[in-house]
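Those protein sequences? They're chains E and L, same order as listed. Numbering (the working numbering) for the first sequence: 175 to 502. Numbering (the working numbering) for the second sequence: 27 to 515.
Calculated directly from the structure, the hints in this document are not laboratory data. Computed from a predicted structure; not experimentally measured. Hints are supplied without guarantee of correctness; some may be wrong.
What the hints assert, rightly or not - Below, in silico cross-link-like pairs of lysine to any residue (SDA-like), each with a Cα-Cα straight-line distance of 25 Å or less:
{"id": "1", "chain 1": "E", "residue 1": "406", "chain 2": "L", "residue 2": "451"}
{"id": "2", "chain 1": "E", "residue 1": "259", "chain 2": "E", "residue 2": "218"}
{"id": "3", "chain 1": "E", "residue 1": "213", "chain 2": "L", "residue 2": "431"}
{"id": "4", "chain 1": "E", "residue 1": "406", "chain 2": "L", "residue 2": "407"}
{"id": "5", "chain 1": "L", "residue 1": "452", "chain 2": "E", "residue 2": "247"}
Stated by the list, open to error - Over 10 Å on every C-beta distance to chain E, these chain L residues come out as not near it, computed from the model:
{"id": "6", "residue": "218"}
{"id": "7", "residue": "411"}
{"id": "8", "residue": "430"}
In this text, a Cβ means the ideal position worked out from N, Cα and C, and glycines have one as well.
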Amino acid sequence: LKAFAYVNPANEREAVAALKTDGIAMVIGGGQDLLARMKDYIDSPDRVVNVKGLDAAIAPTPDGGLKIGSAVKIIDLFEHSQAAKLYPAINAAAIEIGTPQIRHQGTVGGNVNQRPRCWYYRNEEFVCFKKGGSRCFAVNGENQYHAIFGNEGPSHIVHPSSLAVPFVAYGAKFRVLGPNGEREIAAADYFTLPTLQNVLKENVLEDEDILTHVILPAPGNVKSGHYEVRYKQSHDWPLAFTTVVLTMSGNTIASARVVLGAVAPIPWRSKTAEAALTGKPLNEQTAAAAGEAAVREAKPMSGNAYKVQIAKTAVKRAIMNAAGIKTV
Amino acid sequence: MGGGFGSKFAPDSQGIICAQLAKLAKAPVKLMLDRKEEHLDTGNRPSATAHIRAGVTADGTLTAFDGQSWGTGGAGAPSGFPLPYIYNFPNRKRTHKDVYINAGQQRAMRAPGHPQGCFLTEILMDELADRVKMDPVAFRVKNLPPAAPNAMWAEYFARGARAFGWDKRHATGDPAPGPIKTGMGVSAHRWGGAGRGSKAHMDITSDGGVVIKCGTQDIGTGTRTIVAIVAAETLGLPVSAVKPEIGDSTLPFSGGSGGSTTAASAMPAIRVTSVMARDALFAKVAPTLGSTAENLVAEGGRIFVKGTPSKGLSWKDACKLIGTEPISVDGQWEDGLSGSGTSGVQFAEASVDIETGIVRVTRILAIQDCGLIVDKLTAESQAYGGVIAAINFALFEDRILDRVTGQMVNPNMEMYLLAGMSDVPKIDIMLNNMPERGVIGIGEPPTVSTASAIANAVRNATGATIRSLPLHPHKVLAAIEQEKAGGTN
């Protein structure tokens, strides 16, 4: 491990200031990702800026939503009764993350901003686009866990955050603080599909920006559901998962947000599934049809067509969860 | 993923380099591989592939086996495995080719060869049983080699079927509605487990202290415990009264821990040495008790005249008669206290989500013999460990090499998947104690059958045939699709 300086800022302003350096500065929350990257020689920062001491509160907003500090531990988000009541899909996503140890150590901000779990990215031998190289090894290689949507390249990772998906589905905003002040960004606009210009990152954060808060609007008259498919039952990354947030008018779905995780370089909003739900009664047939619609435009790679079936099932079952129908 | 056992039989290049460094430095050198190095440098289980044709008569009698197999043990290393496994094919033909590749050498890993041969044969057995419309247990029993102390399969199939509720097994393909299908599977295995060559040394001092020394090692199997148990039982003492010293090359020779040979090698040496030391103590004590050494017994922390417990001394008082020179004896393994050859049968129950291809193992029953059971707790623990390792083999473990560069893409504990607590099912172990056979190793045999039984349970659940491990959802979903399209040949 390369030696590094450790900065423990007193507040968010100091944290942003500490990121300004001639060398490489990186933010550390729970450290569940950064420390692993450092030990695997994927990143070797000169300076590590601790943000665990920043806002770790979950506070109500004037409009009936919640404002979640980035430093909130995943376990505290899971155990927050108001968050669980208002946003059950976030609650369901939080408890599926990692292991008890990771949930007690990892933070909301860290979960959102963690780097890809792609095994090429995580191995120092493979200098891929994400590490300044000139190719994505997954294209001709081992891509069984890679993207089936948003596969235009150059990188074919799946976004690793479990919380980002329900955050997008519930229409969250992210508060970002940088050298030029603060700004709020819709969660859906925060994550970026890769281009040759931005491929070193997965979101709009600049080098001296920090994500300070996730601001969730009042959910309104919605039913929400969440479903994850994992190979192992614990301590494993999902093969595909889905959050649905349905705005109801009686038993009819007035509008829908369907967001898939682990299938694309960003939390993947499925407009086709949303269209298949709008104006339909909330039942198992609708759920199955939306599952089919969700994967209609999937573009799997050479070794991950099976994920299409899994994503379809995750969408169907998330909707069934929202409807209170037994899934299996 | 190897372990401390067979994969460490040879020092390997890193071990030799470590020794050379120590010699140059004239100082101890500690070698530590991190997880990535362990994955990349310390060898692998050889792969196994086969094309098999088999013949069976309408009444379920196996007639012929014709198999071509391939495997890779790395660059210039063998990859052999037993095939067919256990069952009696009166006419058999087999060819095997070692395929050399530059992707890491083979090492002895978890019952070398047997899980491969077992899987290839046992999934064939279920497919053949379906062809002749026979129950898989009855079909297997009909085609077993003759029963013997080391071939108890027929009895175990019957006992296991009763205990597991095999009568509730449905025919291939769970008729239950909904996406979750459950099924049962079965498999049999064998192993050697013979020991030889170990030596031991025992000191008994006048303060009553007992030290038993043997150059074996405890790699987590409980060897230290059973060394103390055998010595203590021989001397009629509680286990806590014996100090076992193992794990040092200055101690009397014992072999490497591999091939399930440790217990069967070391225990006879411990027993022989303990008997020699005990008899030496009897000789010292006999005059005081007005008896002869042959007429004394050591039991319950006392030494007394056979049949007259009141005529004796406490262990402490008896040892006071030893004097300044301790009793110090050397003994070694002798024929007759250990045996060879074990058999086992395992039953598995699994559920499969046919909309996701995810397999969950819900129950395992492992029936196993290992001759004389020295210690039930540690023997059962070996069986639990073997079963869990084989669940990993069945469902998760996969050393994935990038097809372009040949680099391993998952040399870590995050992407080289191993069962977590939630993935481990209810496991029942039924050990068959056969004291008359002596001590036989149990390290490897319980890991042989599990994956085959699970694969057969998955086939019984889904009606889809997956002839490959691990049972990754992509294979399960593909097999289900293939079954819908008309099945396998």
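Against the structure, the hints come out as follows:
Straight-line distance between C-alpha atoms of residue 406 of chain E and residue 451 of chain L comes to about 13 Å, which keeps the hinted pair within the 25 Å bound. The suggested pairing of residue 259 of chain E with residue 218 of chain E is violated, with an alpha-carbon distance near 41 Å, which exceeds 25 Å. Between the alpha carbons of residue 213 of chain E and residue 431 of chain L the distance comes to roughly 23 Å, so the proposed pair stays at or under 25 Å and holds. Our distance criterion of 25 Å between C-alpha atoms is met by residue 406 of chain E and residue 407 of chain L, whose separation comes to about 23 Å.
About 33 Å separates the Cα atoms of residue 452 of chain L and residue 247 of chain E, which puts this hinted pair outside 25 Å; it is violated. No Cβ of chain E comes within 10 Å of the Cβ of residue 218 of chain L; the nearest lies about 33 Å off, and the non-interface call holds. Distance to chain E confirms residue 411 of chain L as a non-interface residue, since its nearest Cβ pair spans about 19 Å, more than 10 Å. A cut-off of 10 Å between C-beta atoms contradicts the statement that residue 430 of chain L is not in contact with chain E; the least separation is 6 Å.
Checked against the numbered hints given earlier, this structure breaks hints 2, 5, 8; the rest are met.
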